[in-house]
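> Required output: the full structure, derived from the provided sequences and hints.
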Amino acid sequence: MTSTVTAHAGPAADTGRRALGFFASYGTLIVLGAMILGFGIARPVEFLSERNLINVLNQSALLAIVAGGLTYVLVAGQFDLSFANVISFSGILCVGLMERSGLPVPLAIGGALLAAILVGVVNGFLVAYVRIHAIVATLATSTVLLGLNFLYSNGAPITLGEGGFTEIARARPAGIPIPVIAMAAILVILWLVLNRTLLGHHLQATGSNAVAARLAGVEVGRVTLAAFVAVAVCAAICGVLLSSRIGSGMVTAGDGFLLSAFAAAFLGASVIRDGQFHILGTFVGVLIVSIAGNGLAILGAQSYVLYLVQGLVLLAAVALSTTSRRVLGRQRP
Amino acid sequence: MNATELVPPGQRRPTSAATFVEVQALTKTYGAIRALKGVNIAFRRGEVHGLVGANGAGKSTLVRSLAGLEQPDSGSIRIDGVETQIPNPSAATKLGLAFIHQELNLVETFTASQNIMLGSHEGAALAYRRIDGVHPTARTVATMLGIDFRLDRPVARLTVHQKWLVSIARALVHDCRLIAMDEPTASLGAEESARLLKVARDLADHGVAVLFISHRLDEVLELCDRVTAFRDGGVSATMQRPEATRRRLVEAIVGHEAAPSRPASRVANDDRPVVLEVSDVRRGRALTGATLQLREGELLGIAGLVGSGRTELARAIFGADRIDSGTMRLFGRPYAPRSITDGIRHRIGLVSEERRAEALFLDLSVTGNLYVNTWRKHRIRFTPFTSSRRAERQAAEVSQELGVVLRQGGVRQPIGGLSGGNQQKVVIGRWLQTEPAVLLLDEPTRGVDIGARDEIYRRIRSFARAGMSVIVISSEFEELLECDRVVVMSAGATVGELTGASITVKDMLRLCYHWPESGS
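Protein sequences, first through last, are from chains A and B. Note that UniProt numbering numbers the first sequence so that position 7 is 7, with each residue one more than the last. Note that UniProt numbering numbers the second sequence so that position 131 is 131, with each residue one more than the last.
There could be a bad hint or two in this list.
[Said to hold, decoys possible] Straight-line distance between alpha carbons at most 20 Å, and here's what the computed SDA-like set of lysine to any residue pairs gives:
id, chain 1, residue 1, chain 2, residue 2
1, B, K377, A, L199
2, B, K377, A, N195
3, B, K377, A, I291
4, B, K377, A, V193
5, B, K163, B, S187
[Claimed, not checked] Negatives, chain A to chain B, calculated, CB over 12 Å:
id, residue
6, L107
7, G110
8, L118
9, I291
10, L296
Since the hints were derived computationally from the structure, they do not count as laboratory data. We put the beta carbon where it would ideally sit given N, CA and C, even for glycine.
See the structure below:
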């Protein structure tokens, strides 16, 4: 649709622009399709088996949950570096409340979620009302959380005894792992709230132009705070599921999610809507990251290959969408 | 100033009042608007040359052409008798032309000295530069300008007047032979203005050609050796110092022929209830006593030049800025908005002057832009969710009513793809959705093509007919002829009011320039 803007360009230039626009919008999806096709042809038996596909989704689930939350902060035009430590924090807290304080599972999970909401409120307050730059504010709270994690766990993993908690990540009602069900439910909720509620509309407006949003009567501060709460809650859900899966709460549990979640969200921003963050795009980004990991592992590649591929794909996708945005954007009247 | 020996590096000695820049038959057209219609003007060394004229008369387009920011369609610019092209701002700098605008381009965290030396290519890029202390060249130039404040302090701590001096000093370091100052005294007090005028005079005495652009005719008359008045994209008069008087200047700016008044749609609203009453509202230096009344169903214009406080008044009414003193009443009750939300709750709407920066969500759809503050209308009953289908259907209807021309993609396309006029219609539509009692429109036709302009005014008129009270702010005074009544603002205060047949462009300008005499 962007290509129709050019009225007077020559046919060759027009074709070029149209192609650029097409790749900018669908390039990431093409990459995803090509990856599935490629791995499917290379290892049809292992990769395309139903078991492996469910496995891929299960591996994607936790990343998708936290990346979905992160998308809210990015849509609001902000940034969050603290969610990785929120993941670790909520895992440690949840397991600790059960093991050390003897709380029943639901209460422990509730405690972890409440703590995460508090972190989100603090982050949002610092950014929206104290007006500290989001990167600095969340870096600081992230470091404070790291300290709390060490304080509470003494630096050693808190391991679970016997109990129903580890079943949460392992149970498969109707053959589908609970993390996958949680992922689907959370992504649907996140999508609905972002696209079909007042809060979501105001979030998008704030991220698009905060000054204009304020002048239109949007409570920019409250909306920004809500976005930080959203990512913290998603991180806590991710952390609880993670500690259930690995059977313990660890200080370093969430570290791996920091870069992958950003990679997924930024990859997702180049899906269909060039340069805008959205839930569906983030999910595609998560799939690319997970399928690349899964497929390369099946091919027997070493872990450095995965990092190389992940980094280069991210660069290519973002470069393509920003370039096209600039080139096509210039044509606008 | 005992600075006769302190001529800045590379500065040419004054030769005589020789012509430095000569502009001949310069024209520039933007779409259907002829911004410059064959302008002839010459700037001489050692002379302060005042440029006066209403907004849009052509003086800023001329200056922008000299600065390399605009390319004229035809005509020539000669510098020292040589025909010259000025393709970009750095070419202008190389030619010795310096331009200082109201938004001074200073790096706030750098010291005055660093700012003065910024961009001068003395020494290699990686040569060691001291960041403390004061560069000798900066010191020399500062002495010449009579700068008495410390140059090793960050510019952020300087006053506006001092920042202007820093900008002028930078221009001198760049070996400039012509300095254009655009409204240098607009935000200065009387004493600071006087000091800046003295600096301008000193520069001319040192052989620099000075262009002084100002709405303050007193200063122009006091300072300038020669004054050129612009009207409708052309030079309407050029006068030497002795023959320039306030009266002649105002006549040259305003013109003799009375612009045709358009009373057809004008309505007298004297018998209708007062909706909004503003009494002696003040805020800092920007608002120094604004008083007006707005009646139900009235279309009220506010005329004013740049810096007259019209935007500030609109923002104060809307609740975007607090006021220092004065009172407002809305429907007879005291009204003191605490916030924008509060203003909107009182059914006030503001279409901002800066459409891109303050109103548009460029990557949101037409629907998203239209309903940004009224999504609750589309909530599905008993759920927290909004119906996008319903919103889009109604957005399409509203767009049609407002005459928004949607291209491919309908109401789902990002608003960034629409033309300025269509974008503006959507922004106006946004505020109509809030059903305002008072709608403030600040420069509603800026960046809007002529066809859409008429249409926008037709619609504004129809809102007023339907009982809405509308305030239109514009520096295109012709547009204000549509209004039932026009209040004129100058230097932050309301200075006069025009009603009925007395609403003419000439009278608006006269009031802006404090020239109360009527008749020509």
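> Hint by hint, which ones does this structure get wrong, listed from lowest number up?
3
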